[in-house]
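Residue numbers (our numbering), protein chains in the order written: chain A, 4 to 288; chain B, 142 to 738; chain C, 102 to 502.
Where hints are given, some of them may not hold.
Pair ranges (Cβ atoms, derived) [as the list claims (entries may be wrong)]:
#, chain 1, residue 1, chain 2, residue 2, range
1, C, Glu-438, B, Gly-167, 51 to 57 Å
2, C, Glu-260, B, Leu-262, 32 to 38 Å
3, B, Ala-541, A, Phe-127, 55 to 61 Å
4, A, Leu-133, C, Lys-274, 22 to 28 Å
5, B, Leu-440, A, Thr-7, 27 to 33 Å
6, B, Val-176, C, Ala-298, 54 to 60 Å
7, A, Val-275, B, Leu-440, 48 to 54 Å
8, A, Phe-127, C, Pro-398, 36 to 42 Å
9, A, Pro-87, B, Val-548, 57 to 63 Å
10, C, Pro-470, A, Leu-58, 37 to 43 Å
11, B, Ala-541, A, Ile-166, 40 to 46 Å
Think of the hints as simulated: they come from the structure by calculation, not from any bench. Just so you know, these numbers come straight off a predicted model, no measurement behind them. Every residue gets a Cβ at the ideal spot worked out from N, C-alpha and C, and that includes glycine.
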Amino acid sequence: MLVTILVAGIAIGAIYAMIGLSYNMMYSTSKVVSFTPGQLGMIGAVFGAWFIGVLGVPLWLGFLGAMGVAVVYGFFTELIAVRPVLKSIEQHLYVLTTLAAALMIQQAVAIWWGTDPRPFPTLFGLGTGLSSEKYWLPVVACFLTFIGLELFYRKTLWGAAFIAVAEDAEAARALGIPDVRIRVVSYCLAGFIGALAGFMGGQLLLAFFALGATLTFYGFVPIAMGGLGSSRGALIGGFFLGILQQTANYFVGGVFVGVVTFVVFITLLLLVPRGLFGSAVARRV
Amino acid sequence: MPTGLEAITSTDVPPVTRQRSRVLWGTAAVILLAVFLPAGVNQYWMQIGTLAFVYWVLIAGLDLIIGYAGQLAIGFVGLLAIGAYTASILCEKAGWPAFAALAAAGAAGAFFGFLVGLPSLRLKSFYFAMTTLGFATIVTQVALGWERLTGGGIGLPGPIFPTPLDTPVGFYYLALGMALFATYLLRNVAFSNFGRGLVAVRDAEVAAEAVGVPITRLKLVTFTLSGILAGMAGALFAARQTYITPDAFTFDLSVLFFIAVLIGGRGRIIGPMIGTAILTLLPEIAAPLVMWSNFLYALLLLLVVLLVPGGIAEFLERFFVKAAKGEGIEAPAPERLNAVLGQHASPKILTLQGVALHFGGVRALDGVDVTVRPGTVHGLIGPNGSGKTTLLNAASGFYAVNGGRIVFGEADLASRSSADRAALGIARTFQTPRVVGNLSVLENAMLGAYRQFTTSFPAVALGSRRGVSEDRVIRQRAADALAAVGLRRLAHLKAEQLQHTEQRFLEIARCLVMQPSILLLDEPAAGLSHDEIEHLRLLVEQIRGLGVAILLVEHHADLVFQVSDEVTVLDLGRVLAHGAPAEVRVNSEVIDAYLGT
Amino acid sequence: MTKMKIGFVIASLVACCLVILVSPPAWSQSSAPPLKIGWLAALTGPNSTPGIGQDRGIRYAADQINKAGGVMGRKIEIVSRDTQGDPTKAVNAALEVINNDKVEFTIGPTNSGECLATQPVIARYKVPSFPIGVVDSLIDTVKFPYSFRVSNNNTQWQESVLTYALKVLKAKKIGIIGDTTGYGTMSVNLSEQLLKAQGANITYKGLVEANQTDVMADLRKAQSSGAEVMIVWTDSAGLNSRLMNARAELGWNVPFAGHPVLGAGAVKPLLAKPENWKNVYNVGYRPMSFDDNGKLPEKSQKFVDTVSSAGVRLDDTMLWWVGLGVDTVQLIKDSVEAAKSSKADDVKRVLEAGKTFNGVYCTSCTYSPTNHNGYPTDDVVMNRADSFRAGAYAIAPGYGK
């Protein structure tokens, strides 16, 4: 029993963690918390299933296709839902525009793909039972993403530029760093990360249009717990949530799993101040 | 906010009765249409109308939350569900009469509305939105899982109102009546002190604090009222549907409510009303598009936020409301000051002793002593970074001190919040003027009297006569204050239309309305022209003459030396010199550090 | 300002157009007025698969009847509204078709949740209605006197499944599992009730969220409880397939018996291995089942041949949905003709008179003043879930005939 809970919990937790990383990526360069990361996961799962399962395209091509769609969606998210409202960011209009963007893609996919969850193809056919690839693929992807991001930030010039823009976009611009371009790239990268979560987790989650809503919420919990902008926090929070869910499901089951998760979420959110007030507000008066 | 839509009693603020009568006629027409609708259309359209009224009861409350208070409560369908289930369970399982169940639904809504509001005190925008979404999901899941109480997936029948309200026509009028009542409540709150306070909290929280708005209390009481309306709407919804199941309370419905407020225009009434009507009608008219309805709502939301953030209301305003034209600032009329400050609070001395404040390793204030006596002007000067504004912020409660005492009158201010200090009689202006752009100049000034307004929120919501007359008194005082500072002719402009310098005078007017014991001015002359500085000097002298204490933080040394009774010079967080202006002016250290030759 | 004024004019024009659009048309009828039947169905959105199948049957039947001259010279007109599975939309749609289109009969809605909301509303207008939901309380001769059901009700499904589990599969320990939707929770609880009344031993009872990714833990619990049969109540193809896959991964050869969707076409691609579909029995209908020789009853076979040649697809839906649609429309025709009127009271009288209607799905449909559930209980049988062919299933072993 314990083993099942752990394996399933860590697998799904890895997916949540990656969605959390996607949130972080978008937040870092724009100070915007977007409603779209969950939808990116959905795109990865649905389009992966479509390219590989329905169109029969080879694995690597289907992967690129699914990621491509998500990157394009991330690009347009930044262009249409984020950039226009950045100048009045204190009004938090981005909540509304990204919500709208998320709803639109969700409904469009529902109409095109159908409202029933459809199968996600087996990718490599490795492992059975608890060692099936559907459990460890997300975990591998999650760690690779995490390591990749750390290397990116610490070792590359672009990474340093990202950090600069994250700290103070105006100062970065004054230094000649193309902050707009970096923001666009970060949203595309966030698209990739989110879709990767959905693609690698597709066998676990299935290709389902309503995935976006679930992932948006459950992918946010690690962020709320670990603090916006912290990759480590996202990982720990994600795994914790995954295991919590599976445990609750085993002991409580049924309807009340969601209730338990939410209560834990809101309690932590209200108690732990880390990351709750967004970025530190500069001199108010 | 409805600028200029109320006839003003003061003689020098021009009445705008033409706009007011237009609105009245429009409202009367809409009400007449609603009353006679059943006679003209078949039962289907009438029932759609009923649904729109029921939604409006909830959306009116939501308008206060989203439109006025600016809180992004997306999951309000949870409150609708709570109201619906409360009423249905009480009627079906406990045999309660429908109206009692309706009241109970309102009470349940009040309780849960309050709970939903609590996180808003600590969480910002996105986080708060997420918690409301979680709340709505939980309500549905509990409704689904608690089968013994709620019937689980099968649901249960809704309440049935006594004849003749149980017929479609009868229920239509009940819903219409409730919708009118909700509108009445909304209108009363929106046009009141509380409405202004909410907008201030939404758009310029610092200004709200500075005038003493008890932000927590105001937010919670607003959430409670919205909860009552949402709960009652839920009861009506259950009655209209005649049977409720958990799957009637979808997330899409939440989004619909949310969008209705936004496309109507935040902080408006008629706009969201129209928005509600449109969103209820749309799926019925565009039947072939029903599959796309959710997509279209989302698209509509996006377009509204990007293109017409003011919503339908902004759109309408351009047609029906002529933009008020301002004619510029004029000389202050000090004789009006008497009217404003006539009964100002008792004279109190502000004493700062050994005040210390550090930001990390930086000692912004390092043991500063300053005393400001009533009826005097105490100037505070010093180089940049010397701690002048920090001291002012510490005195007014915006910064917490690390050492020393601050005493005002007999009260030790140590644990008092900025809002409490405002209530004690400390008024202040800001380096960058904090005015509420969306409110009119007059309304901004009226904000100063927030704490003096004694009628309670519930009384105001129900249209208390006392609230109306208090409002009138405050309005007159604000008009006097505006005239006193020279902004009389700009009273009906939106504050955001004012120039920077005019906004500075507006802040002062707002402070005057507070009838303070002490006025803290934070670099009020910055950016002012020579004439305007003269006006300022006159004003300060007149205010002093009426017994108010003034702490003047300034860079314009000439102004300070002209007008102050005593001057303190700060440098690197310490008092460098203190005394009469003449002495300080020739003090060699001061000259070295700051004045130059 | 000018741009605004133009916008205003356009908005007014649009408003006028809308007003015109919604006012009822006033053209007069020269020949006999059409017989309008309201069809409220979830045609898009979740749970739309049954509605789509029933829609085919309804339209096919209406076409055939109209080609043969209609009902007493009146052509049938199907006024259809997509309710998307939303009770609020269903109520609005019912009000619309009754008040605006003035339908004389209604079929549907197709989900129990919607039906629960629309039944009282339709009853108020005294319009004969044929709801398509299984919840027992939908049919009530006192509360909804003009409502008749052609399809089975929930008790019939339950009894068929439970009897099969106890009598044919001879299970002593029963496990019940369902999803967390309204239907699922209700069905699971109803099974528990009925089994307890028979003194059966329930060793596991669980509810799973339809979209839950992994069900291994739940099935393990059931397995360790020693259940000898799993009663499964979920209409989610995804969940059903996941349960079957988990059962295979556990190496647990327990039979599944339950909801028709256990055998739905949508389940097949979701199965990890085709063998996972073995030992699964979904409840179905004798007229729509292949016997041990692989043959449908003669009448049903003829039906399949006729509708297939008329272009109706059967391989992606269930035959009984199509049959249900056809039977309902036929029943309306027969009762109007027998009553020589389409007035509600006349039709009600005729239906309650007890004459048997021989449909293709509901082969002997009878009503009485105290019973408005028409489907014969004996015809509700268990099918083998993996035997799907052209919309029908093979009858499960143990039924004799």
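Each hint, compared with the structure:
no., hint, in the structure
1, C/Glu-438 with B/Gly-167: 51 to 57 Å, "holds, 56 Å"
2, C/Glu-260 with B/Leu-262: 32 to 38 Å, "violated, 55 Å"
3, B/Ala-541 with A/Phe-127: 55 to 61 Å, "holds, 59 Å"
4, A/Leu-133 with C/Lys-274: 22 to 28 Å, "holds, 26 Å"
5, B/Leu-440 with A/Thr-7: 27 to 33 Å, "violated, 43 Å"
6, B/Val-176 with C/Ala-298: 54 to 60 Å, "holds, 55 Å"
7, A/Val-275 with B/Leu-440: 48 to 54 Å, "violated, 37 Å"
8, A/Phe-127 with C/Pro-398: 36 to 42 Å, "violated, 47 Å"
9, A/Pro-87 with B/Val-548: 57 to 63 Å, "violated, 50 Å"
10, C/Pro-470 with A/Leu-58: 37 to 43 Å, "violated, 58 Å"
11, B/Ala-541 with A/Ile-166: 40 to 46 Å, "violated, 31 Å"
Of the numbered hints given earlier, the model fails hints 2, 5, 7, 8, 9, 10, 11; all others are met.
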